[in-house]
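A.B. asks: This is what each chain is made of:
2 protein chains.
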Amino acid sequence: MKNRKPLILVTNDDGVTAPGIAALIEVMKTLGDVVIVAPDKAQSGMGHAITINSTLRINKIKIYNVKAEYSCTGTPVDCVKFAVNKIMHRKPDLCVSGINHGTNMSINVIYSGTMSAAVEGAIEGIPSIGFSLSDNSIDADFTACKKIIKSIALKVLKNGLPEGVCLNVNIPKLKSELIKGVKVCRQAKAVWIEKFDERHDPNGQPYYWLTGKFENFDSKEKDTDIWALENGYVSVVPTQFDMTAHKAISEISKWKL
Amino acid sequence: MKNRKPLILVTNDDGVTAPGIAALIEVMKTLGDVVIVAPDKAQSGMGHAITINSTLRINKIKIYNVKAEYSCTGTPVDCVKFAVNKIMHRKPDLCVSGINHGTNMSINVIYSGTMSAAVEGAIEGIPSIGFSLSDNSIDADFTACKKIIKSIALKVLKNGLPEGVCLNVNIPKLKSELIKGVKVCRQAKAVWIEKFDERHDPNGQPYYWLTGKFENFDSKEKDTDIWALENGYVSVVPTQFDMTAHKAISEISKWKL
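These protein sequence lines are chains A and B, in that order.
Residue 585 is where the first sequence starts when you use the working numbering, and the numbers rise one by one after that.
Residue 585 is where the second sequence starts when you use the working numbering, and the numbers rise one by one after that.
This is chain A alone, in the form it adopts within the complex (with noise of 0.2 angstroms):
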């Protein structure tokens, strides 16, 4: 870092008003110069999703104190590429996204809207940490977070990232005292066994709820986000956006096509 603040952005998938976006505003601001572009609404389970069908309105906002603070009717993704290209001047030197309530472990990462903006972060070269909490309450309590979090964006400002990464930070629901350590780690493999919630509308008329139960097949492994969380550590995934799979190029090269 040179002799200037860092220059932080701040989105989530929770929407702007959500409190774990405001206790990962008040880390920041300890640690730089903040601009905060979120959604105006929950955009939970939004994926890499950007608005290109429809159009996008910014509206400035005065909750948080900060340089700059807007909320955005797009996805998470859209946040990080408004926000680049149209509000502040230059790269920031920091993209931090969440506090996600609820965990964004293992096959969720690509579900997840909070970690689609660190990923879109990523990809814009800029270095980005997506952070979640095992606690889907809106009471939820980020004493503990506040520390972690604090560690976690030094350490990035201060070393960078590997070009094409990110970070994906998932925190037990924990006292501190009782959060054992930090673990870097793959994400489990597991998949959603999805359930359909059959309802019907007064007219009679069949609508569904996505639902569904986590089944983990990675349970026997320790390396893995969904161990380290279960076992009381803070889990830190390297996440990268590179969708080839590579070592499969060979393979299928032989089929002639």
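In short, the hints are calculated from the structure, not lab data.
Among the hints, a few may not be true.
Intra- or inter-copy, both count: the list cannot distinguish identical chains.
Within a straight-line C-alpha distance of at most 20 angstroms, the following computed SDA-like cross-link-like pairs (lysine to any residue) qualify [claimed, not checked]: (1) LYS757 x ALA606; (2) LYS644 x TRP811; (3) LYS734 x GLY616; (4) LYS779 x MET672; (5) LYS840 x LEU738; (6) LYS625 x ASN637; (7) LYS840 x HIS784; (8) LYS773 x PHE825.
Chain B: place on chain A using the hints.
C.D. replies: Quick look at chain B alone, frame taken from chain A:
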């Protein structure tokens, strides 16, 4: 394959009435029993979004004369989940998505609803393929696509795919006889340089269209999907959903977080 007809799930992101899905269905009907669950409207750029903050509606339709066909109010990923869980009574032998009106090469794989449906198929253990034609027009000519799609789909039905891998197939806008062949390749390193097109509503308030310029950092490399397409080949990129940056684990572990 056993002595039964393959069961094939067809979806897309341009919506169930798009000419691209009609062409794909035409081919799939020659290969097996077809079930269609596709969005009732364009869902381009929806990435891996799922509908969890609101509900889904499913409507039986009768357009394509197949085993079963439905439109869905949700995203392409919702369509795959719903089809497998509520409509088909077993995992299909093949899940195909497309034919997208426009390419999904390089980094676009992460924003693409077409490819996210195929990736969701792979997550659920179904051999899955996303098809795209490099022609955005409603009047795009899918003639050349049909032979290529049939050939690739037959290979996948016969060979299966490696665990956790689906295929991202992009077809150049060329007459059949001008297509040079099929290249199995990797996604090019490229990025969108965003531009937000600012307009004003009748009340003078600003709104924005997301647009941008595509920048290819891999333009000299011949093993990429962009090179293949630009040089008259069909590109086939084996695509995976493990977001862990495995190579970065040891480096970040040294940080002693």
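A.B. asks: Run every hint past the structure and note whether it holds.
C.D. replies: Structure-based check of each hint:
Proximity of LYS757 to ALA606 under the C-alpha cut-off of 20 angstroms is restricted to the intra-copy arrangement: shortest distance 18 angstroms within a copy versus 49 angstroms between copies. In this homomeric assembly, LYS644 and TRP811 never come within 20 angstroms of each other (Cα to Cα): the closest approach is 41 angstroms inside a single copy and 43 angstroms across copies. Taking the shortest Cα distances, LYS734 and GLY616 sit within 20 angstroms of each other inside one copy (11 angstroms), while across copies they are farther apart (56 angstroms). Taking the shortest Cα distances, LYS779 and MET672 sit within 20 angstroms of each other only across copies (13 angstroms), while inside one copy they are farther apart (42 angstroms).
Taking CA atoms no more than 20 angstroms apart as the test, LYS840 paired with LEU738 passes between copies only; the shortest distance there is 13 angstroms, against 50 angstroms inside one copy. For the homomeric pair LYS625 and ASN637, the shortest alpha-carbon distances inside one copy (19 angstroms) and between copies (10 angstroms) are both at most 20 angstroms. Within a single copy, LYS840 and HIS784 get their C-alpha atoms no closer than 51 angstroms, and across copies no closer than 53 angstroms, so neither meets the 20 angstroms cut-off. Taking identical chains as interchangeable, the C-alpha atoms of LYS773 and PHE825 lie at most 20 angstroms apart whether they share a chain (17 angstroms) or sit on different chains (10 angstroms).
Going down the numbered hints, you'll see the structure goes against 2 and 7, while the others check out.
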